[in-house]
Amino acid sequence: MDLLVQLLANGLVNGSHYALLALGFGLIFGTTRVVHFAYGPIYAVSAYGAWVLAAHFGAPLWVAMLGSIVTGAVLGVLSYIVVYRPFERRGSPPLVVLIASLGLFIVIENAIGVVFGTDTKVVPNPPSGILLLGPLVVTGSQMLQVGAFVVVSIALGLYLTRARMGKAVLAMTDNAEMARVIGIDTARVSIIAFAIGSAIAAVPAALILFKDGATAHMGFLAVFMAFVAVVVGGVGSLRGAVVGGLVLGVVESTGMIRISTEWQSMVAFVVLFIVLLFRPRGLFGGR
Amino acid sequence: MDYLLHILVMVSLYIVLASSFNLLIGYAGLFALSHAAFFGVGAYATAILAGTYGLGFPIPLIVGVLVTAVLGVVIALPALRIGGDYLVIVTLALQVIVTTVLINWTSLTGGTDGIRGIPRLEVFGVVLDSPGKFLPVAAVTAAICFAIAWRLGASPFGRALKAMRENEAAVQAVGKNVVAMKLTVFAIASGLAAVAGWLYAHYFTFVSADAFTVELTIYMLAMVIIGGTGNLLGSVVGALVLVALPELLKFVDMPPDVADKARNMLYGLLLIVMLRLRPQGLLPESASASSLQAPPERPPVATRAEGAALEGKGLARRFGGIVAVRDFDISIPPGRITGLIGPNGAGKTTAFNLLTGFLQPNEGEVTYRGRSLRGLKPHQIVRTGVARSFQDLKLFTNMTVLENVLVALPNQSGDNLWNVYFRPWKVRAEERENIGRAMAILEFVGLGDRAGDLASDLSYAEEKLLVVARLLATGAEALLFDEPLSGLAPNALAKVMPVFRRLAESGRTLCIIEHNLDVIRELCSSVVFLDEGRKLAEGTPEQLMHDPELSERYFK
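Protein chains in written order, with the numbering used here: chain A, 174 to 460; chain B, 864 to 1419.
Note that these hints are calculated values from the structure, not bench results.
Incorrect hints may appear among the rest.
Stated by the list, open to error - Pairwise CB distance ranges (calculated): (1) A/ASP385 with B/ARG1139: 35 to 43 Å; (2) A/PHE451 with B/ASN1354: 50 to 58 Å; (3) B/TYR1323 with A/PRO266: 28 to 36 Å.
Each residue gets a CB set at the ideal place from its N, CA and C atoms; glycine is no exception.
Pulled out of the complex, with its shape left as it was, chain A reads as follows (with noise of 0.2 Å):
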C-alpha cells in the first residue's frame, strides 16, 4: 500500500513535468496548428541556457531558470518566424510545415552537440532537502516540478481568460478562421502562442536540469511525450493537454508495480493506443 502511495506521488510529480511540456505543446499546435517537433530540441537549448549560466556564471539557480525561459521564448519566437511563419504565407499544406519543423528540429538537435558535446550537464548546486510526508518521500527538486506546475497553470489560465491578448489566443484556439474574421491579428497572437509556449517548456527543462542534468537528445522524448499527452487529451483542449500529461505520469508510474523501468516508455505508447481506439478525439476533444 505504502508503495502504491509513493508510486502515485512519484507519478504526479512526473506528471506535472508532462503535463507542462503538453501545455506548452499545445498552446502552440491548437493556435497554430504547426506541429512544433523543434520544440523539443529548443526545450533542451533553454535547459543549456540555464546551465551556462549556473555553471559558468555561477548564478543563483533562480536567475538560471530566468535564462532558460528567455531562450526558450526567444528560439520559439524566432523558429516561428524565420521558418514556419513563410510557409504559413504562401499556404503551403501543413505537411509541408510538418516536414519543415522536422528539419528544424535535427539542426538544432545537432547543434547543441556540437556547441555542448554529448556528456551529461549538470549544475553545482542543486536544490536538495527531502520531505518526509507520513510514509512519503518527497525530495525538494520534486517540490519544485509539482510547484512550477500549479504556478504556471494557473497563470496561463488567468492570462488566457482575463487578459485581452489571452483572450484572443484563446479564441484563435478554438476556431482561427473565425479568430482572423472577427479582425483578430492571428500573426501576432501565433508570435504570442510561440513565445508562451515555449517559455512554458523551459520551466520543466531547467527544473530536468537541476534535477537530473541536461542532454544534447533529451528533447525527441520531451516532444514525444508532450504531443503524446495532447493526443490523449483531446487536440486542441488545454484542459485536456493537462490531464493527457497527469495521466501518463501516473500510469507510467503505478504500472512499474508490473513493469521494470527500462519498459517506461512503452506505457505511454499503451494510453495513445488505448484512447486512439475508444475516444480518438482524446479525452477531451470535441465532435
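Starting from the known structure of chain A, arrange chain B on it as the hints suggest.
Chain B in isolation, oriented as in the chain A frame:
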C-alpha cells in the same frame, strides 16, 4: 578506391530506403515516421538469424521481410481510422517502442552493445568482405527493390494510391477499398525497408539500436523531399545527393563526431531550404505516361443501362442528441431524375450519406435491386451499383483528367498486386482498353480534349463535368449527385444539363440535390422536399411549387 565503392554501396542501400519511403509518403500520402524502425527490425532479424543462429541465405532475408511487413501492417491498423497528425504520433510511438525493445531485450538483441560478428555474405565461395565485392550484390538488390517499387507506382494500384492521397473519401466513392490499399502499401514499404536492413547487417557485420533512430527517418525524408515526392526516380537522385554531398565535409578538418553532427545539420537545412525554394523536389511528380500513349479504340458509353429503383425505408440518423434525418422514405426510380430539395441543413447530404454507406442509419434500411445495403462499406455499395458525388467535388486535383476517370473504372486487374507483378501483360492490355473506355466517357461529357490536363487546371464547369465522368466510370447505374449544377452560369448550365438528361434517358437511376428551381423544373420528373430531417412533400415539380404551405416557407 574502397572509399568510393563504399559510398556506392551506401547509395544502393539508401535507394531502397528512399524509394520505399516514397511509396508511403509520396504516393499513398501516409506520413509514417517509422521507416528507420522498419529498417532496424530488418537489420536485427538478419543479425539474429544469421549471426546468433548461423542460418544461411535466404532465410534471414525472408524472415526479416515477413516480420517487418507484419509490423508494418500492425502499425497500419490504427492508420485506418486516423490520418494526418495522428498517424505521425502513432508511427513515432512505434519508433520509440522498437528502440526500447532493441535496447532492452538483451538476451535477443545484445542490448546497448548490439550484435557483432554477423557473418558476411558469400557468393559462389567468394566472401564479400570489401566494399568492392559487396557492391554488385548491393546494386542488384537495389535494382530489384527499385523495380518492385516502380512497378507498383506505375500500376493502376499506384494510381489509386495517389488518388487516395488526393482525397480518401472520393477514392472510396469510386469503389476502392482504402483499407486494403493502406495495409498493402504499408506491408510492401516496410518489407522493402527490411531488405535494406538485410544488406546493412551483412555489410557492416554489426548492428546497434542507435543506428536506427528517428534522425535516420528524417534523413530518408530529406532524400524523398529533395528528390521529389511521388517520383521514384527522384528518390534515386535524392539518395545520391544526400549520401555523396556530405562526404565533401570529409575534406574539412573536423573531429569525426562533430563531422557527423555537422552532416545532420546540413540535411536539416537542405530540407528546409528545398521546401522553401522547390517544394516539388528536383524531379517533380509527372503525369503518368498512360495519358501520352496513342489513343486506342473507344467502346461507346452504354446507352442502355439496367438501372433499378434505389429505395430507403424509415431511415433515421442521429448525431448525439441532434436528429439529422428521421422517418425518411424515398424511392428513386430508374430512367428519370429525382430531385432532392430543401433548405440548408435540412439533411439532404446526410440522406445521401445514408443511401451510399458513408453513414450507417440508426434505423431503417436501404435497398437496391431488392438487395439490402445494410452494413456494406461505401466501396462495396459502389460495386453493387450505387455511387455518389460530393458537393465539394473532391477531384483528384494533382492528377490528370484522364487519370481521374481511369481510377474510377471498376474491376481493374491492376488493382491486384499479384497481377501487377506476375501477369503484367494482362494488366497492360487491360490498361489500353481502359484508356479507351475512359476517353469515351470523357468525350461523352465533352471533356475529350482536356484528357491530358491536370484536374486543377479545369474551369469550374469542366470540374463539374469531370465529376460526372468519374462517377459514370464506376459503372454504377444509380448515380447520386450532390449539387452537380450549383454555381454554374447559364451558358455553362446549358452545356452540363443535357448530360444529365442523356444519362436518365439511358435508363440509369438518377438523383440530384439542387437549389435552383428552374433547373429542377427543367430536369426532374419528381421531387422530394426535405426539411429538418424529414420528408415534407413529394410530387412533380409543378405540384410542389404550387403547394401553398411550401411556397409560403420555401419558394418565394
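Distance restraint hint 28 to 36 Å, applied to the beta-carbon atoms of B/TYR1323 and A/PRO266: Roughly 22 Å apart at Cβ, these two residues miss the hinted range, so it is violated.
message: Please check whether A/PHE451 and B/ASN1354 have a Cβ separation lying inside 50 to 58 Å.
response: At 53 Å between Cβs, range holds.
field: CB-CB spacing for B/ARG1139 and A/ASP385 relative to the 35 to 43 Å hint
entry: 38 Å, holds
In summary, the one numbered hint that this structure violates is 3.
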